[in-house]
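Trainee: We have chain S; now place chain U onto it with these hints.
Number of protein chains: 2
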Amino acid sequence: MTDTSAASSAKTYSACLVIIGNEILSGRTQDANLAFLAKALNDIGVQMTEARVIPDIEDTIVAVVNEVRAKHDYVFTTGGIGPTHDDITAQSVAKAFGVPLVLDAEAKRRLEARHTNNLPLNEARLRMAHVPEGATLIDNPISAAPGFQIGNVFVLAGVPAIARAMFDGLGPRLAGGARIETRSITCNLAEGAIAHDLTAIQARWPSLSIGSYPVWRSEAGFAVSLVLRGPEKAELETAGSAVIAMIADHGGIVIEEAWS
Amino acid sequence: MTDTSAASSAKTYSACLVIIGNEILSGRTQDANLAFLAKALNDIGVQMTEARVIPDIEDTIVAVVNEVRAKHDYVFTTGGIGPTHDDITAQSVAKAFGVPLVLDAEAKRRLEARHTNNLPLNEARLRMAHVPEGATLIDNPISAAPGFQIGNVFVLAGVPAIARAMFDGLGPRLAGGARIETRSITCNLAEGAIAHDLTAIQARWPSLSIGSYPVWRSEAGFAVSLVLRGPEKAELETAGSAVIAMIADHGGIVIEEAWS
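Protein chains in written order, with my numbering: chain S, 593 to 852; chain U, 593 to 852.
Read the hints as simulated data drawn from the structure, not as lab findings. Don't take every hint at face value.
Note: identical chains are not told apart, hence a pair may lie in one copy or across any two.
What the hints assert, rightly or not - Capping the alpha-carbon separation at 20 Å, the derived lysine to any residue pairs in SDA-like fashion look like this: (1) 631 - 841; (2) 663 - 652; (3) 825 - 620; (4) 631 - 834; (5) 631 - 718; (6) 663 - 651; (7) 825 - 848; (8) 687 - 766; (9) 825 - 771; (10) 603 - 848; (11) 700 - 834; (12) 603 - 689; (13) 700 - 788.
Note that this is a predicted model, so its numbers are computed, not measured.
Bound conformation, chain S alone (with noise of 0.2 Å):
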């Protein structure tokens, strides 16, 4: 008998970020969805394993969405919903999946419920009503003005308060693995007098990611964060203390550890 459910366990799940925006490109718009898509990303156990900043240019947002859609179990999208000519996503993504674009009766509904006399639902604000034929929904409690998911793309807004509002959401249509846990040890030794024994500490723990981060305090002298991750909290005690001996043995000391 197959252990359906242990093979279930053991899957990693990938996303990518799929950021559209002349103005994150610009560099006029700093983005502000990455860190926070990622974070609440491995809190249900989902990797965001890429990025993608691209233009508001339709051939463009069709190729790229194709490209990551076949590679990822998830595919987000940022920006371009909203009513204006630049706002071109939803269109672009019923082009990668070669449907056409639609009026969604319930997205209709929903910005008529807001849209009163004093911003009526003019032929602009109903373009945020068009979806992808066989496209679901996304809450938006901000705004109204709805996302949409088909297959596994979701198309959420690039204002990070209504982006996060519309993945919170989200809750039940993704499936997750395990979460990745991280623990965070910063010691005031440079980052070359360790190197040397990191590296064996990454060699004997091969399953997880050990990075190492310099910390610039131009006062206080070198310090360099050490960020164990993996999947298995006891594997980060015994491999952090391993870490934290080391860090001793070159006659620094811990400055700060947090788990996270």
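Mentor: Positioned in the frame of chain S, the structure of chain U alone reads:
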């Protein structure tokens, strides 16, 4: 007789940024290089038209570097050039170009000049003096360990202060075309109210890129920033006047205006 100067000034230059690092994809670290590089590149007439965020995996770095260096005039990478085991950018770029990673005598000299008895130039630190064969160094005035250029690929540090110092020193190595000028006009109207007329303005000035970005001000009501971008200031003057007249037609007022 061919007017090569006009042909050359009409060329547009594109760049791709490859952000290498698990710490960005896990959400632990917020990237701070994209926005800076996009603006600094535009100042010399190079447009960032794509960015990738990829993990510290050699095969991925090799494949992405080879893909984007064929598509863009310039490729910049950030991250992964320190002394620890997870710093694999140099070896991966060497592999992408099909050349060996070699010890660079000048890079070694710079590291020796910096590293004293307190910070011996051990084997780990010496890794930072290795570059792909045929590469030229990129100065690091902050912490000595250089970046490097090979072909159209410029390998910079991930730490933003160092990445900026490295970029600032590139100067004459980068040829560019026309700078893209930006005019932003923010008004107190809802995006959906002006979407129709804005489409007409975009159609009238097809060579400009006009973006519309809602500004969320929970207390002050609606606002939207209309951002016009193009190489010709005169065109932004006339198109901007049309935008301002359109705002007045809708009973709105301009809250803020800026050139950059």
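Trainee: Take the hints in turn and mark each one as holding or not.
Mentor: Verification of the hints:
no., hint, result
1, 631 - 841, "neither (33 Å within a copy, 45 Å between copies)"
2, 663 - 652, "both (17 Å within a copy, 13 Å between copies)"
3, 825 - 620, "between (40 Å within a copy, 18 Å between copies)"
4, 631 - 834, "neither (26 Å within a copy, 43 Å between copies)"
5, 631 - 718, "neither (33 Å within a copy, 35 Å between copies)"
6, 663 - 651, "both (19 Å within a copy, 15 Å between copies)"
7, 825 - 848, "within (18 Å within a copy, 51 Å between copies)"
8, 687 - 766, "neither (24 Å within a copy, 37 Å between copies)"
9, 825 - 771, "within (10 Å within a copy, 51 Å between copies)"
10, 603 - 848, "neither (33 Å within a copy, 51 Å between copies)"
11, 700 - 834, "neither (59 Å within a copy, 31 Å between copies)"
12, 603 - 689, "neither (26 Å within a copy, 34 Å between copies)"
13, 700 - 788, "between (61 Å within a copy, 18 Å between copies)"
Going down the numbered hints, you'll see the structure goes against 1, 4, 5, 8, 10, 11, 12, while the others check out.
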